[in-house]
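S.K.: Take the given structure of chain A and dock chain B to it, following the hints.
There are 2 protein chains.
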Amino acid sequence: MRPIGERRIAVLAEGGFDLLEAKTAVGVIRYGRDPVVAVADSRYTGRTAADIVGVGDDVPIVESVAAALAYKPNTLLLGTAPRGGVLPAAWRRQVVHAMREGLDIINGLHHFLEEDEELAGVARSCGVDLWDVRRVPDEHRVADTRAHQLDATIVLTVGSDCNVGKMSASLELDAAARRAGHRSAFVATGQTGIIIAGWGMAIDRVISDFAAGASEDLVMQGAEQGDIVFVEGQGSLVHPGYSGVTLSLIHGSAPDGMILCHQVTRTTIRRYTLPVPPLRDLVTLHEHATAHVKPSRVIGIALNTFGLDEAAAQQAIAAAADETGLPATDPVRYDVQPLLAAVEALHNRRKQQREKAAAG
Amino acid sequence: MRPIGERRIAVLAEGGFDLLEAKTAVGVIRYGRDPVVAVADSRYTGRTAADIVGVGDDVPIVESVAAALAYKPNTLLLGTAPRGGVLPAAWRRQVVHAMREGLDIINGLHHFLEEDEELAGVARSCGVDLWDVRRVPDEHRVADTRAHQLDATIVLTVGSDCNVGKMSASLELDAAARRAGHRSAFVATGQTGIIIAGWGMAIDRVISDFAAGASEDLVMQGAEQGDIVFVEGQGSLVHPGYSGVTLSLIHGSAPDGMILCHQVTRTTIRRYTLPVPPLRDLVTLHEHATAHVKPSRVIGIALNTFGLDEAAAQQAIAAAADETGLPATDPVRYDVQPLLAAVEALHNRRKQQREKAAAG
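One line per chain: the protein sequences are A and B, in this order. Heads up, the first sequence stops at 392 in my numbering, and the numbers go up one at a time, no gaps. Heads up, the second sequence stops at 392 in my numbering, and the numbers go up one at a time, no gaps.
Excised from the complex, chain A in its bound form:
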């Protein structure tokens, strides 16, 4: 696999390049360190990525992988993640074509290409690499609370639902913390974050007995790289399908503080009919869920104001701050600073507590 910094990425997103399905592609366009040179989705040939998903002004959308080759990619990203994650049959031909042209494959789907006899065989014969991003190690261990006593300040994003901006909030905070001179690290827990960071683990793929243990391992690794560690959250405590992943990650990563993420226009859990609870209830729920294992507080609200005009977005932010008594912002659309300030205050409090304990 060509390393981060040397990749030129084409995205295969046939039939799925939109904000609902192309979360991985959008994340890599927005936050990846390597250029995305083209996106293949024949529905939008001739447009740019920004026309469809709001990022990627200079990223052309083309008919197919064959057409994308004109932009000299060396890596193909399978960039939509349909629920269940099966590799669409129509894609196989295009993936084979890419491998025959020497492209490495980054695969974020549940369907692993290394286990796909045909595609793995073609990769071998072409001498290209397959990276099944969601693949997790076979061996794991049960959590043992090893992340409870770290000096590093651990900040986990949590959310009202899936796909509300937890990864983006963590990445924006990490970047802003580094700009402010902190030794900061980002811990990726899902496929898009892993592709962007180049390391991490898809916690949702871990056997449930070991998901908290795997979260601990990730945080221990993050704490070697940063004094402030931003952990990418997963799912939601109120998500009927993924809440267990969320709680494993909360208890395993043992955050010192949590940033609650919410998409303002989301009134029901995506793909379900369940209402999204009020922010205030979500704050107390998360603090209740941590209270008996490693107590943690929600220290700020990261709103995703996508789809709202300027006035409505500002009003939503003010309302969230008012409802919860916490700093709130849209960290992608506006300045992440109010949330970073809350993190810095937490970090300083913890440092002072340690100094006091050492002195006394």
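Treat the hints as calculated values from the structure; they're not laboratory data. There's no promise every hint is true.
Same chains, same label: a pair holds when it works inside one copy or across any pair of copies.
[To be verified] Here are the simulated SDA-like pairs of lysine to any residue, each with C-alpha atoms no more than 25 Å apart in a straight line: (1) K104 x V87; (2) K326 x R312; (3) K104 x G289; (4) K388 x A343; (5) K326 x T300.
Keep in mind it's a predicted model, so treat the numbers as computed, not measured.
M.R.: Leaving out everything else, chain B in the frame of chain A:
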């Protein structure tokens, strides 16, 4: 595999036949429909199971599997579950011996015998069956709330920790409900329950993304068998390692009521230093965790008074009832009736609500 009703079980528990490690063996002795004819643990040769674990007056403990053969077993149960679940090396020789004598093997450990080249090969050559009880299907789906609208009344046991009596409480309730004339079913979610019931799934082995979906599937199957469905709980919402399994099971099984299980002498989470929260906090935590997905109430407290004398046990039960305002009992030591009455009241309320809705 010889079916339930035709098994004569020998248990291999070398070095592990005690209440801490031999949970599976103790459960099968207490609740299994087939006789356990002998237990192999050379530390206790000549004693009975009841001498060591309090159940199995007529179950001799013998030196080895070879010695157990005198009692004509046709099935060998690997009966201790050390954390991590690795098959102790010293056991392999005894397992091979059993297979050569024609015994089927029931294996509750994480280490799967079907994936163990040597043992799987011996099983094939001997014509005996291996049952890896914890093995789960490769294919799963994300939960979709299908268990939210069942007519059957779903009762889930939850707990203050692992190994406090959730399975026992569910089995006692199921048996008492059937004795009282109800069409009742038990849903097994862990290895011991599965061996006893003959079906079920080890939820903790499911990939975390799909653990709630698998729980739903189990409950749907249970609801075909019973109007009242007792679901075996797993772990605890306050367990640092297993809380995610617990929440997946809670949201997937979508209980109408929960029975909170607690071992009175347990003051810290087993194998951790974290204190077990007061029962009242645990009641509110579970009700909070369900409130936004499918609201559910704790309807009774199942105490495990093991290790307490009569007066202390009775006092603990009275204190639990007083603290929570809920019916409480030790369903193994005393009568399960107070908890069954709470379940019946819930079941009747739900029936009346349906009738009212149908009439109105």
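S.K.: To test your reading of the hints: which numbers does this structure violate?
M.R.: 3 and 4
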